[in-house]
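Asker: Residue numbers (my numbering), protein chains in the order written: chain A, 1 to 444; chain B, 1 to 325.
Calculated from the structure, these hints are not laboratory results.
For each residue, glycine too, the CB sits at the ideal point set by N, CA and C.
Some clues are possibly wrong.
As the list claims (entries may be wrong) - A partial selection of chain B residues facing chain A, derived with a Cβ cut-off under 7 Å:
#1 Ser113
#2 Gly114
#3 Ala115
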Amino acid sequence: MNPILLRGGTLVDPSQDLNEIGDLLIADGLISGVGASIHADDAEEIDCSGLIVSPGFIDVHCHLREPGREDVETIATGARAAAAGGFTAVCAMPNTDPVTDNQAAVGFIVRQGQRAAAARVYPIGAISVGQEGKVLAEFGEMVGAGAIAVSDDGKPVASAQLMRTALEYARTFRIPVIDHCEEPTLAAGGAMHEGLVSAQLGLKGIPAEAEEIMVIRDILLARLTGGHVHLAHMSTKGSVELIRWGKERGIRVTAEVCPHHLSLTEESVRGYDTNAKMNPPLRTDEDVDALRDAVKDGTIDLIATDHAPHHYDEKEREFADAPNGIVGLETALAVVVTNLVENGYLEYPDLVDRMSCTPARIFNLPGGSLKRGGVADITVFDPKARWQVDASQFLSKGRNSPYNGMTLTGRPACTIVAGSVVYRSGIPGQSSEKQRQQTHRLRG
Amino acid sequence: MTGTLGKDLLGLESLSGDQIRLILDTAEPFKEISERAIKKVPALRGSTIVNLFFENSTRTRISFEFAEKRLSADTVNVSASGSSVSKGETLVDTARNLEAMRIDMVVIRHSASGAAKFLADRIQSNVINAGDGTHEHPTQGLLDILTLRDRFGDLKGRRVCICGDILHSRVARSNIWGLTKLGAEVGVCGPRSLLPNAVDELGVKIFDRVEEAIEWAEALNVLRLQFERMTAGYIPSAREYNRVFGISRERLDRAKRDILILHPGPMNRGVEIDSDVADGPNSVILDQVTNGVAIRMAVLYLLAGGKPELAEAAKGGGRGREERE
Chain A
1 MNPILLRGGT
11 LVDPSQDLNE
21 IGDLLIADGL
31 ISGVGASIHA
41 DDAEEIDCSG
51 LIVSPGFIDV
61 HCHLREPGRE
71 DVETIATGAR
81 AAAAGGFTAV
91 CAMPNTDPVT
101 DNQAAVGFIV
111 RQGQRAAAAR
121 VYPIGAISVG
131 QEGKVLAEFG
141 EMVGAGAIAV
151 SDDGKPVASA
161 QLMRTALEYA
171 RTFRIPVIDH
181 CEEPTLAAGG
191 AMHEGLVSAQ
201 LGLKGIPAEA
211 EEIMVIRDIL
221 LARLTGGHVH
231 LAHMSTKGSV
241 ELIRWGKERG
251 IRVTAEVCPH
261 HLSLTEESVR
271 GYDTNAKMNP
281 PLRTDEDVDA
291 LRDAVKDGTI
301 DLIATDHAPH
311 HYDEKEREFA
321 DAPNGIVGLE
331 TALAVVVTNL
341 VENGYLEYPD
351 LVDRMSCTPA
361 RIFNLPGGSL
371 KRGGVADITV
381 FDPKARWQVD
391 ASQFLSKGRN
401 SPYNGMTLTG
411 RPACTIVAGS
421 VVYRSGIPGQ
431 SSEKQRQQTH
441 RLRG
Chain B
1 MTGTLGKDLL
11 GLESLSGDQI
21 RLILDTAEPF
31 KEISERAIKK
41 VPALRGSTIV
51 NLFFENSTRT
61 RISFEFAEKR
71 LSADTVNVSA
81 SGSSVSKGET
91 LVDTARNLEA
101 MRIDMVVIRH
111 SASGAAKFLA
121 DRIQSNVINA
131 GDGTHEHPTQ
141 GLLDILTLRD
151 RFGDLKGRRV
161 CICGDILHSR
171 VARSNIWGLT
181 KLGAEVGVCG
191 PRSLLPNAVD
201 ELGVKIFDRV
211 EEAIEWAEAL
221 NVLRLQFERM
231 TAGYIPSARE
241 YNRVFGISRE
251 RLDRAKRDIL
261 ILHPGPMNRG
271 VEIDSDVADG
281 PNSVILDQVT
291 NGVAIRMAVL
301 YLLAGGKPEL
311 AEAAKGGGRG
321 REERE
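Please model the complete structure; the sequences and the hints are all you need to start from.
Answerer: As structure tokens, then:
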């Protein structure tokens, strides 16, 4: 493997307060040099002028559907979609079929991830056997096989006692317990946020309180146990206030938010677009504003996609009957740039922190830094590229995106995992306008 | 094939006040047809209409069918139990198969909110929503409004209160949109567990007590109480509902004025409405049923591209609509 020299990009790495134009040399899978002007005769040079070079993005929440639903996504297609989205690592949720609730299942996901040779794939094990909320799964063996956290995602842990035990037991293995916060009786049958739009559309709503009741329960259980609770896909202003309350008291709570909850509201459901159906549902402007503020001030630690591919036929039906979820790996960066950077909520170092450094730190994963000697998981992206989302071009098998057809800003140019280029769009270093012209000429 | 209403009638939310008035005005000449010995005009001769009912309905389906037949359309009734739907066919496949038989219109009743729009977005035929889940039931809203207009004339400033299960009622939603667009004041009254949480954002007055609603209103539209609401735990019992929210003669007698009584049917006598109110002098419940046929004739006629000013002429036997391709 030849050394790679990333030439002339803006190196953005908040883990070492780096934000300046420079070169970065990769050799033997590691970052071997960071500086103003590096010479390496044997290196393959990639011109990164006008681009941002950052530690690789890490998505701690996605659904890769394998095993069980290989028709909608496989670990290979998911890992390639992740690479195309600028992610060097993704964490796969355990709601597969069969459920990823034992060391053999965890090992399978690790091996399939290695075979995909795209973004790294880290398994998340189930909290309970079969995600049934009754018997604790074997955390120790799953961690031994490669699991980096546990969660019953998609199925909230209804029993406070089970959640307590999970938080206590997970301490031995130093892993976070991820919870999908939803009080099941309040949310039962709900298809969207409960509010004016649900009242007008005649759809059963899920109140914000269904999430918030579980957020405060989990925070209190983290206080009781000293365990680390990580709250998945936060969607309400009230949740932000409760997390802030918990953090002020030193309770071990971390939280994530998805790009769609930072950019869309319940209004997207008008017209019964099933690509605006997800759980937790799209909320209100007030919630979006509070979540943006929370990402900025760090109350919400990181951004995760909740990438959830579904088959076209499953989404092409009556709203109440359609499954929850949207794909997100290949639009996450652009949605965040367009909705948080361009309007001044975040600077690029903040974006890199929330999408790379903090996920690596909280989940204790390699990467998340451009420090010399560290693993060469790197994302190069064009912060100015404007492009129209065309879901039919996704590397993911999923096409269920509410952003399809929208014009967004910000696009990955090159994704490097352990020193190997796993994704490259067009020719980095040229503006996307030039790229488009070139493509046009080639096709012409 | 889009007339003054557009391709479809999916709800009253998307209509303007003028479009609603147009439908009401067009219904006027059609009322008379049902009073004739020979109740048939050729306005929709040659049109094929499918009544696609995924939910049980007697009144609405019969009303549509009479409207279609009195306009000389050819009609087919499809009910969920007798169709491929019971074999697991999707809504979009059912619709596309019907369309492949070259039909002109679909009247759809479905238990899912948004089902009529879903269909309308995917087929060329005109789609009429005959009730989609808990969303809208526009022809019911229109016939309620026509009945009110028969008595009140202009509805501007008139006070109409909808009583009962607003949360799950498509009739309530269509009435709220329609009445508001015509300038009426709308109230709702029912147990809070059967009102949407965001009811105060709907632009209506809210009455927790039925006595206050009666004090305020000039007309009450009394909704049917679905018995499944009790098993789902929204309210404790029909008996208590009648005692707290039932429209009784005693309650109405305390009002200072005569109050018009509407009910979309079918009634639970002795639950939401007492018999002496339903059968009393101020009840216009059967007028609603009569108006239902005229409203549906007007909607069918307008969606098929009929000119409103020709509605009168269409009665006579002339072809009141453009030739179809």
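Asker: State for each hint whether it applies.
Answerer: Results of checking the hints against the structure:
| no. | hint | result |
| --- | --- | --- |
| 1 | Ser113 | holds, 4 Å |
| 2 | Gly114 | holds, 3 Å |
| 3 | Ala115 | holds, 5 Å |
Hint violations for this structure: none, all hints satisfied.
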